Structures are given as structure tokens and as C-alpha cells.
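Participant: Chain by chain, the residues run as shown.
2 protein chains.
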Amino acid sequence: MRNLLVAQSGGPTAAINATLAGVLQGVRASGKVDKVYGAKNGIEGAIKDQLIDLNEIIRDTKSMDTLSYTPSSALGTCRYKMKDWRKDDEPYKKIVETFYKYDIKYFIYIGGNDSMDTVDKLSEYCKLNNHDFIIMGAPKTVDNDLNLTDHSPGFGSAAKYIATTISELACDIGAYDIPAVTIVEIMGRNAGWLTASAALSRVNGNSGADLIYLCEKDFDNARFINDVKEKLAQKPGVLVAVSEGVKDSNGAYVSDQISSGAVDNFGHKYIAGAARALEQLVRNEIGCKVRSIELNLMQRAAAHIASETDIIESLMLGQKALSCALDGETGRMAAIKRLSDMPYRVEFVSVPVNEVANHEKIVPMNWITPDGHDVTEELVAYMKPLIQGETNVKYENGIPIQIKLY
Amino acid sequence: MRNLLVAQSGGPTAAINATLAGVLQGVRASGKVDKVYGAKNGIEGAIKDQLIDLNEIIRDTKSMDTLSYTPSSALGTCRYKMKDWRKDDEPYKKIVETFYKYDIKYFIYIGGNDSMDTVDKLSEYCKLNNHDFIIMGAPKTVDNDLNLTDHSPGFGSAAKYIATTISELACDIGAYDIPAVTIVEIMGRNAGWLTASAALSRVNGNSGADLIYLCEKDFDNARFINDVKEKLAQKPGVLVAVSEGVKDSNGAYVSDQISSGAVDNFGHKYIAGAARALEQLVRNEIGCKVRSIELNLMQRAAAHIASETDIIESLMLGQKALSCALDGETGRMAAIKRLSDMPYRVEFVSVPVNEVANHEKIVPMNWITPDGHDVTEELVAYMKPLIQGETNVKYENGIPIQIKLY
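Sequences listed follow chains G and X, in order. My numbering applies: residue 1 is where the first sequence begins, and numbers increase by one. My numbering applies: residue 1 is where the second sequence begins, and numbers increase by one.
Calculated from the structure, these hints are not laboratory results. Owing to the predicted nature of the structure, the values given are computational and were not obtained by experimental measurement. Some hints here could point you the wrong way.
Copies of the same chain look alike in the list, so a pair counts if it fits in one copy or across any two.
[To be verified] With a Cα cut of at most 30 Å, we get these calculated BS3-like pairs of lysine-lysine:
#1 Lys93 - Lys231
#2 Lys48 - Lys404
#3 Lys235 - Lys94
#4 Lys404 - Lys289
#5 Lys394 - Lys384
#6 Lys289 - Lys229
#7 Lys83 - Lys94
#8 Lys394 - Lys62
#9 Lys231 - Lys35
#10 Lys48 - Lys361
#11 Lys87 - Lys127
#12 Lys394 - Lys229
#13 Lys32 - Lys229
#14 Lys289 - Lys361
#15 Lys404 - Lys81
#16 Lys87 - Lys35
#17 Lys235 - Lys217
#18 Lys35 - Lys94
#19 Lys235 - Lys48
#20 Lys231 - Lys404
#21 Lys105 - Lys35
#22 Lys32 - Lys127
Pulled out of the complex, with its shape left as it was, chain G reads as follows (with noise of 0.2 Å):
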């Protein structure tokens, strides 16, 4: 019997720490893991050898369970990018180092694409090498552009949060009857699930997003003034929600076309995100009263309304990741296979890591409406199973209890 290394990489999401949790479930439901090791902030806690031994601080169920409900990298995440071994290996053999040292069967890696590059190449390089490690990637991100698995853990739990806020903004854009509008920007540099989900805030039938413009589809600027003055035309509240990686058909950012020129008192430029660039778009052409909102790391670290689909998947994707580490399987990922949409079932398989690495899945151009400012009945069919059921998360005083590994 030897030992597990688990860590975690890349942007925090609400149910990182749940997969974190399946893998020790799995764990001690397997009896075949001796001691389990979590690297700080991802695979940099491996090469500069700085570990935190799971056994001594997950003990009981409650722990594992707050675990499974607090938000973020409990372990601490990094955005560490594996070079090619031909060029520089020293990072390699920092991290065999650190197995050998610990005595290190398994290595568990949460993440994203980038992460899952790293899954890839540190499996080769120790197959090379005759390395008898097992190297096993089980996937997260709330931009839901993992290739191979039907989604993303992480996803539904953001989705679920922007749906809800949402659907809560146009209660509060809908109390007035004086023309306004607000524009939300949602994360999605090149993929605008995200930004799609903002269409799950009409689910039940009363208001939400009115407008939504995915990051995949060319913006243009006199198209989107047409669009919400034909709104403003039919109620006074217009709702519009926003991928920040809107571009323009050369390719530009929406943000940058707008804010380029603009400078503060000490001379630097202005950052602006694609709403505030909208803002500014439709004060100069319709004048009206107009607010822009930026979710910002709220979507992604929303854990008191993560979903209950979400949250169980994330687990689930873990203990998978440790069952196919077991059995002997490396450098491949833990993914989720959808059986059906209604009733919604999945099944857990494992994939082959290297067609993961570095590739994006983006929202089909099919699944928005040909208007360009909506998404499809069948997008919507795909994401609603993603945001169902509520955790069972815990408060103390008023918020919600977290747990805090180091």
C-alpha cells in the first residue's frame, strides 16, 4: 500500500473542494490508500515540496461534509504551466522527487484545461522515465469549456447563482417605470456558457435577462443599440446580460474598441469591462438611465446557493478520479456522460487527458437564437438539469460555516 497526493489548480470554483472530498471518500471507502497528501497551491506545492497530510485534518464526517459546502481551493491553487520536458525537466524531477519522498502511488489533479495539461505531460514523462506513478485528472471549471465530458463540475453551482441574482435583478430593474437600463457581465472570455445561463432566470415564467449576448458571436454595437431600444419600446426596465469577451467581427474586444482612449488623473489607462464600455455606449445613444454590474468572483464563489446537482457531481467526479487511479488508469480525467436530459441521468466515465489539454468547448453557434441576442429552447434543455436542488449547507451565526485546511 502507498500513498495519494491530491491538489488543486486554477480558478476556485464553488465545488472544487467537493471533488476534493470525493477523492478522500473514495479513499477510505477503498481501504487501499494509506495516507493522502494535499499539495499546496496545485502542482507548485509538489516541486517546492510543501505538503499537508489530509488524514491529520480531515477526521470526521462534519469536516468532510463543511468541506464539501466551502467555496474555493481549500488546498490553495496556482496557474502553473507545465514547459515541455525536453526543454526544461527540472520541474519534473522536483515533483519525483517529492513522490518518492512521500512515497506517492497516486496523484489526484483538480483543474482546468491547464491543469489537465499538466496531468498529460507529467504522466508521459514518467512512463518515459519508468516512473510507476499514477497520474489522474478530475476536472473543474465554472467556464464549463472542458472538452470530452458533458460538463463542467463548478458550472451548474455558477449558474445556478447567476440565474437566481438574475432573476432577483429584474425584481428590483422592475419596481421603477422610468426607461433604464442595466447590463450584467458574466465571466466567458471565449466560451459564454455562463453568460448563457443568464437565460435559466426566466424559467419559471417571470422576468430576467431580456438581452444576452455570448462572447461567440460577433458583437456589433449599432445591432445591440437597436436591440435594447426595441426593448425599451415594450417595458421600461431592460435587463441585458453580457459575456466580458465580447468582440467585435475584427476580433477586438468590446471593452478595449470603447475605453481605449481613456486615461485617469495619473495618466494610465482605464480598464473597462465590456459592460461598463456598454454603459458608456448607450449613455452617448439613447441617453437613458443605465447601469452596468459585474459579477465578478461572486459567480464563481457562491457556495450558499451552489447547486445540489453540482455539488453531488463534484464528489461523485472525485471518487471516480480515485476509482480509475486504483484500477490503474493515468493520464486520463474523470468525466461526466449524459444518458438523458429528462429525467436527467448521467454516468461517470474516464477519459484520455491529452485530448482535453488545451482544447476549448464553446457554446454551438446553433444553440443561439438567430437574432443573436438569445439563446436556443435546447441550450436551455441542456443547462436546467445543471442548477436543480439546493445543499445543505450550514450556518453559524448568521453566514455560512467554511472549513480552513492550513
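Once you have looked at the hints, place chain X on chain G.
Facilitator: Using the frame of chain G, we list chain X on its own:
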């Protein structure tokens, strides 16, 4: 037996509909009122004769319950300030006309400072002109700045959202090990209560807001940069909470002071919030990674994480306002009197509305720490009971159920 009119005014909150539900509950319990009308968009609905029959809409217990958990003003709102009737009595005449037309005896106005000014002026006008109407106020404001009430309904829910969100942001920020400053802007032009509630993020001993700046205290750029540097020396991720209304010792808004020179490509002035201005300042003076976040409308609309204490008190204030009205009180406001912090006990009273209108209750200076960048234990003890408990909000299709009155 005669009829009752109820209306909502000012900035929406997550609890203002609970007060409306409280009025409706009181009506049913008393059996002393026949029809209940709601005025659309506050007092403007009474002026313009735009009433809806609430008995027709809120028929069952479930609707009443859903109303309590629906954010924003379900009757619509306005920002209408009544002029002195000696200068312009036209709106007063219109309101009185509407009252007679619908056989209205009781008018309950749910709102903040301006709304209490309306209650004050209207009740005085009616008395002087021998119109036998009863006009009562019920308080609401996320800002918690209403006089003569221990706290304002709506504040507790906003504070719970802020405390929870800041604690979640602290998890997100804490996952990185590179120096970074995150500045969160919180509502409050003159009263820093909501910003103070960021301190509740630390109530369970975890990380939360590291520095808190209320608008009551003169803001000093150099001292702020020093504070941030000191915190950065202790930990990589520093989280700052700041009132939107922070001003320097000359009374100039921090946002204006820093951003006044900025114009966009169209030559229009940039409107920067306090956090965005401070983001630029940190970028210029410290040069580390820095980000600004505005909690924007979410902090007053996030009914999904409303405080149970707040919602119940808001309901009770609606009932109290009705009860006072039925007892013949006019020109007064229902209010909360705190009896003790631990155990938390309150009673519901009525207070003269002319002592509420046009006053602003700000955070006392002795509840801000001497170093100027945090709040005292006394202030935490005052706020803590107000965020206790979670509501029984119901979900459908993954998002909270809401009611629409028209």
C-alpha cells in the same frame, strides 16, 4: 368598515414585500378592513389613480408566503418627494380624491426617509383640511439610517448577504499565494452601516474583510496605502471593504478626487466608484495585482439569502403599522425598540413620523476603531443578531419562486 391602501417607495430591499405581507396578514386577522388596495409605484399610484385590488391577487397562504420571500417592491416603487402643500397642493388634492373614490380610510406607506416625509406632510395636510384619513408609515431601508428605530428592516438581509459574500470572497482570494488586493465597494453615501456589516464575515473566526472604511470617517489616501502595505506584509491576499460614499477631509468624494480627469473616446467623463478609484490608487502606489468589486444591486435584492430575523421583523412591522392605524394613530411610523442583545429581544412600537423624516442616523464615531480601518466589538454585537436565521424560501426549477402582483 372602510378600505385600506398600501404602497411601497424608495430603493427596493429583500424585505419590503414581507412588510406588505404583514399588512395583509394584519388585515385578515383584524377583520376590520374590507378591501385592500395597492398603489402602483408608491404615492404616484395614488396621485394617478393606479390602484390594484390585493384581495383579488393574494388569496391563499402560499401567495402570502411567496410574497414575503420575493425581493424588491412588488407594488412598484418611486422616488417622489412631496412638495409643501402651501406651495403646491395639487398632488395632495389628487391623493385625497383617490382616497374618497375608493372609500379608503387607512393608508400605510412602506419606505425610507422620503416616504416618511410623505407620511408626515400628507397626515398634516389631512388634519388641517379635516379629512378623516389615517396615515401610517412602515420603515424600510437597506441603509439602516432611519431615526427612532433600533434598526431598519431590509438592513439585516443586506448585511447577511454582504457578510456571506465577503466570507466567500475571502476563500477565493485566500487560495492564491501572490500579493493581491481586492477592494469591495458597498452601498452607503452617508451612512456606513452596510459597509460595517463586512465585519460579520469574520464572525466564525475565518478570514474576511481585512480593512473596513466607513464613509463617516475622513478618508486619507496615504493612510489607506499604508494600511494596505501593512496587511500585505502579513498575508498575500488583502480584502478591503469600503463605503461608496467615502470622502476626504475636504468632503470631496474619493471617486471624484481620483477619476475626475478621465474621459472616454467620446469625450464623456468616466464615472468611477470609490472602489474603482482606489483600485487605480493601489495600482499606481503599490503596483501589485488589484481588483475592485461592487456589490451593486445584489446587496439589496438577494432575497435567496435573506435574514430570517429581518423577514420576520419586517412582517411584524407591517402588522404593527396596521394595528396602530386601526387604533386611530396617524402621522406615525412603526418601529423596532431593542430590549437586549443577548438574548436578542425587541418590541414593536410607534414613533412620531416627523422625527424620522429628513433625519439620517449614521454610525457613531466611537463604533469605528481608533485606527480608522475597522469597526468595534460593540458595533458587531449590535449587528450580529440581525443576520441570524435562514428563511424558508422555496425553489422551483433551481431558482427561488417569486410572485408578480401585476
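Participant: Against this structure, judge whether each hint is valid.
Facilitator: Going through the hints against the structure:
Within a single copy, Lys93 and Lys231 get their C-alpha atoms no closer than 60 Å, and across copies no closer than 36 Å, so neither meets the 30 Å cut-off. In the homo-oligomer, the alpha carbons of Lys48 and Lys404 lie at most 30 Å apart inside one protomer (21 Å), although the nearest pairing across protomers, at 57 Å, exceeds that limit. In the homo-oligomer, the alpha carbons of Lys235 and Lys94 lie at most 30 Å apart only across protomers (26 Å), although the nearest pairing inside one protomer, at 62 Å, exceeds that limit. In the homo-oligomer, the alpha carbons of Lys404 and Lys289 lie at most 30 Å apart only across protomers (24 Å), although the nearest pairing inside one protomer, at 43 Å, exceeds that limit.
When the C-alpha separation of Lys394 and Lys384 is checked against a cutoff of 30 Å, the pair qualifies both within a copy, at 25 Å, and between copies, at 17 Å. In this assembly of identical chains, Lys289 and Lys229 lie within 30 Å of each other by CA distance solely inside one copy; the values are 13 Å within and 38 Å between copies. In this assembly of identical chains, the alpha carbons of Lys83 and Lys94 lie at most 30 Å apart only when taken from the same copy (13 Å versus 76 Å across copies). For the homomeric pair Lys394 and Lys62, the shortest alpha-carbon distances inside one copy (10 Å) and between copies (26 Å) are both at most 30 Å.
Taking identical chains as interchangeable, the C-alpha atoms of Lys231 and Lys35 are never at most 30 Å apart, the minima being 60 Å within one chain and 36 Å between chains. Taking identical chains as interchangeable, the C-alpha atoms of Lys48 and Lys361 are never at most 30 Å apart, the minima being 33 Å within one chain and 53 Å between chains. Only within a single protomer do Lys87 and Lys127 lie at most 30 Å apart by alpha-carbon distance; the minimum there is 17 Å, versus 88 Å between protomers. For a Cα distance limit of 30 Å, the shortest separation of Lys394 from Lys229 qualifies neither inside one copy, at 45 Å, nor across copies, at 35 Å.
Neither within a single protomer nor between protomers do Lys32 and Lys229 lie at most 30 Å apart by alpha-carbon distance, with minima of 63 Å and 48 Å respectively. For a Cα distance limit of 30 Å, the shortest separation of Lys289 from Lys361 across copies, 29 Å, qualifies, whereas the shortest one inside one copy, 37 Å, does not. In this assembly of identical chains, Lys404 and Lys81 lie within 30 Å of each other by CA distance solely inside one copy; the values are 26 Å within and 50 Å between copies. In the homo-oligomer, the alpha carbons of Lys87 and Lys35 never lie at most 30 Å apart, since the shortest distance is 33 Å inside one protomer and 81 Å across protomers.
Within a single copy, Lys235 and Lys217 get their C-alpha atoms as close as 26 Å, which meets the 30 Å cut-off; across copies the closest is 41 Å, which misses it. In this homomeric assembly, Lys35 and Lys94 come within 30 Å of each other (Cα to Cα) only inside a single copy, at 20 Å, whereas the closest approach across copies is 78 Å. For a Cα distance limit of 30 Å, the shortest separation of Lys235 from Lys48 across copies, 19 Å, qualifies, whereas the shortest one inside one copy, 58 Å, does not. When the C-alpha separation of Lys231 and Lys404 is checked against a cutoff of 30 Å, the pair qualifies only between copies, where the shortest distance is 20 Å, while the shortest distance within a copy is 47 Å.
Taking identical chains as interchangeable, the C-alpha atoms of Lys105 and Lys35 lie at most 30 Å apart only when both belong to the same chain, with a minimum of 10 Å there against 75 Å between chains. In the homo-oligomer, the alpha carbons of Lys32 and Lys127 lie at most 30 Å apart inside one protomer (22 Å), although the nearest pairing across protomers, at 83 Å, exceeds that limit.
The earlier numbered hints that this structure contradicts are 1, 9, 10, 12, 13 and 16.
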